[in-house]
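Generate the whole structure from the sequences, applying the supplied hints.
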Amino acid sequence: FNRGWKGKTAAWFSIIGFLCVIFTFIGVNVLLPGLHSYR
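My numbering applies: residue 69 is where the sequence shown begins, and numbers increase by one.
Check before you lean on any hint, since a few could be wrong.
What the hints assert, rightly or not - Dumping the calculated SDA-like pairs for lysine to any residue here, alpha-carbon to alpha-carbon at most 25 Å:
hint	residue 1	residue 2
1	Lys76	Phe91
2	Lys74	Ile84
3	Lys74	Phe86
Hints in this document: simulated from the structure, not taken from any laboratory. No experiment lies behind these values; they were computed from the predicted model shown.
Structure below.
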């Protein structure tokens, strides 16, 4: 599945994915609180 990916490429993709998850959990709740009516 990831035969062509050596260390750096896989590391960058995992870092970018992790930052996207962190932004989804924290950034949306901080920057866009008006869209969540349950608060």
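Structure-based check of all given hints:
1. Of the pairs offered as hints, the one joining Lys76 and Phe91 holds, with about 22 Å between alpha carbons and a cut-off of 25 Å not exceeded.
2. Restraint check for Lys74 and Ile84: the C-alpha separation of about 16 Å stays at or below 25 Å, so the hint holds.
3. Distance check on the hinted pair: Lys74 and Phe86 sit about 19 Å apart at the alpha-carbon level, within 25 Å; holds.
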